[in-house]
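So the sequences go chain by chain: A and B. In terms of my numbering, the first sequence opens at residue 5 and continues consecutively. In terms of my numbering, the second sequence opens at residue 5 and continues consecutively.
Accuracy of the hints is not assured; some may be wrong.
Chain copies aren't distinguished; within one or between two, either way the pair holds.
[Stated by the list, open to error] Here are the simulated lysine to any residue pairs, SDA-like style, with alpha carbons at most 25 Å apart:
| no. | residue 1 | residue 2 |
| --- | --- | --- |
| 1 | K64 | E11 |
| 2 | K219 | N207 |
| 3 | K203 | E270 |
| 4 | K203 | E179 |
| 5 | K181 | S330 |
| 6 | K197 | S175 |
| 7 | K143 | N288 |
| 8 | K181 | V210 |
| 9 | K265 | N207 |
None of these hints come from the bench; they were simulated from the model. As the structure is a computational prediction, the values presented were derived from the model and not from experiment.
There are 2 protein chains.
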Amino acid sequence: MESKLIEYTKKLVEIPSVIGNEKQIADFVESFLVNFYKKENIIRHNNSIIAFDNINPSKKTIALIGHLDTVPGENEYTGQVIDGKIFGLGASDMKSGLAVMMALIEYFSNREKRFNTIYIFYEKEEGPYIDNGLEPLLKNFDIIQKTDLAFALEPTDNRVQVGCLGTMHASIIFEGKRAHSARPWQGENAIHKSVNFLKRLANFGVKEYEFEGMKFYEVMNATMVDFSGGRNIIPDKFVVNVNYRFAPGKTIEEAKQDILKIVDGEAKVEFTDLCPSGRVCLDNVILKEFVNSFGLTVEAKQAWTDVARLSLYGIDAVNFGPGNASQAHQKNEYVEIKNIIDNFNIFRNFLGN
Amino acid sequence: MESKLIEYTKKLVEIPSVIGNEKQIADFVESFLVNFYKKENIIRHNNSIIAFDNINPSKKTIALIGHLDTVPGENEYTGQVIDGKIFGLGASDMKSGLAVMMALIEYFSNREKRFNTIYIFYEKEEGPYIDNGLEPLLKNFDIIQKTDLAFALEPTDNRVQVGCLGTMHASIIFEGKRAHSARPWQGENAIHKSVNFLKRLANFGVKEYEFEGMKFYEVMNATMVDFSGGRNIIPDKFVVNVNYRFAPGKTIEEAKQDILKIVDGEAKVEFTDLCPSGRVCLDNVILKEFVNSFGLTVEAKQAWTDVARLSLYGIDAVNFGPGNASQAHQKNEYVEIKNIIDNFNIFRNFLGN
Chain A
5 MESKLIEYTK KLVEIPSVIG NEKQIADFVE SFLVNFYKKE NIIRHNNSII
55 AFDNINPSKK TIALIGHLDT VPGENEYTGQ VIDGKIFGLG ASDMKSGLAV
105 MMALIEYFSN REKRFNTIYI FYEKEEGPYI DNGLEPLLKN FDIIQKTDLA
155 FALEPTDNRV QVGCLGTMHA SIIFEGKRAH SARPWQGENA IHKSVNFLKR
205 LANFGVKEYE FEGMKFYEVM NATMVDFSGG RNIIPDKFVV NVNYRFAPGK
255 TIEEAKQDIL KIVDGEAKVE FTDLCPSGRV CLDNVILKEF VNSFGLTVEA
305 KQAWTDVARL SLYGIDAVNF GPGNASQAHQ KNEYVEIKNI IDNFNIFRNF
355 LGN
Chain B
5 MESKLIEYTK KLVEIPSVIG NEKQIADFVE SFLVNFYKKE NIIRHNNSII
55 AFDNINPSKK TIALIGHLDT VPGENEYTGQ VIDGKIFGLG ASDMKSGLAV
105 MMALIEYFSN REKRFNTIYI FYEKEEGPYI DNGLEPLLKN FDIIQKTDLA
155 FALEPTDNRV QVGCLGTMHA SIIFEGKRAH SARPWQGENA IHKSVNFLKR
205 LANFGVKEYE FEGMKFYEVM NATMVDFSGG RNIIPDKFVV NVNYRFAPGK
255 TIEEAKQDIL KIVDGEAKVE FTDLCPSGRV CLDNVILKEF VNSFGLTVEA
305 KQAWTDVARL SLYGIDAVNF GPGNASQAHQ KNEYVEIKNI IDNFNIFRNF
355 LGN
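Just need the whole structure built from these sequences, with the hints factored in.
Structure (structure tokens):
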């Protein structure tokens, strides 16, 4: 399947699919799927697609999932193979993962499997939590609930990444009073009001947090600022966007309290984009077998992925994909062909009889 | 002249002249001036105009100056007279001052004066120091150097405002290293780097500074912020715009040092818009007579005006105008007719024999 894996990865990176523009790539994937699935086993929902087996209740069910979209970005070598690498926007994140899914579908189209399989190709992963294309699939199509273990083929360098940090954003809003900057005593400087808060925030540091034997690191950062005013105006509004990454085992509500403690009543707080943490499902028996059979490295996921969304729906999930994590969202992104082949072989051996 | 003062103020506020769009109002003023001055006594430079007497060396020379432009703004009652007030954008800042200048020109067109007079109507006062329309006039037309005392008819509620604070802006640039906000230890948060600086800045407070018996208040404020990054990115750049208002007697260089001391080497500093302070010219004999003759209130100017620019060119200057200072740059700006008449009468009595 080596040449197929290369061919599919190249084809996929050659189809632009920046978030919000997934129609063309979804059409391409769908036209591929119809060769291997009956019509009634393919669900197209907007630009997301589910392809599923008729569930044999004597078998466990594995889901393989991948998002079709990419962030915006530049690549000078799209579709080129250089030094054992395939270049293209999304090569690592995560079109090589999609290529593995396609190759597995083709490979098992005339072979026996140990598991029922569900393949999910979905849109809009690279944007806000609320617009994510996996959400309506989970909400509307019960077939996904049959899953005993899901693999998101996000770039992990063929390591198994379990759990994931929750993430939330909060707008910390300091309000002052506008005045001419030559007479600040007639107003109140909203930027100056924030200094004690910013100091506490900067001192939050990195908190190690162990959960089911895996180490996660909680961090809280100011990522954006905004203000209302002008060159010669005492600003009457200063807004700090805080991003908080919190460990599995902590609820959204507990995480909110952590932020409120740092703010200490000195400003208004508006929470946005509340993404729960993902369960560390090392107790999942299928996962245990998977890890042991192939001697895979297991590590904590120090970022948010849709594993958390699956968690919320009661589905155990891990990240395991061929992409190079450090290539994600980089200019001239690439993926190593060797990793794609390794990833495919592991899944082939795992799923096969 | 009461009806003339009202008429001119109304006409002037009815001509829009937001900074950069002074052609129409300059044309209007020029068409007025040609009725009273010979062609060779009017200088038009872009949208600024100087009208001057042939200098009689046995007389002292007084300059009256006013800017033609306004800030952008809204006014629902443009040109209306309500309760003894004339409404319109620029009514106080400073078209009523321009109306007084026009009325004085008309009044003295067939009367004797104690002084040579120079009238300066200029563009682009409400923007950056460097674009100011008075600067090229001072640079190019030596006639202004004849001035023994200049009055800027800025809104002062008919008080004499002497000296003026210097003002400068500095971009305080904190540089960090970009990283994913789930892994901040791979980067350096430029916003977090600023906290000690911001704390010192907020603690600067208000410094009273006495100069030639007048009290000025030095203040330093963050007025704007900018950053480079995104929601889930550790920002690699955070820029704080600091505005510093410093007392007369302090040089630009000394004021720069005050800012550098607060920054304490923690960030790059780029100085912009360096406006010197204005000399407190209470020793000017003409000013002494002016103040005493009319029993006027004298106060320090707690803001920057073109008085400082005249200072730089060795010309003593004060602010003295009919506008209401608190109306400047306000929505539905107005000026009180009584103040316009009082201002005119004071200048008429002062300039006349």
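_Tell me the hint numbers this structure goes against, listed in increasing order._
The structure conflicts with hint 1 only, although it agrees with all the remaining ones.
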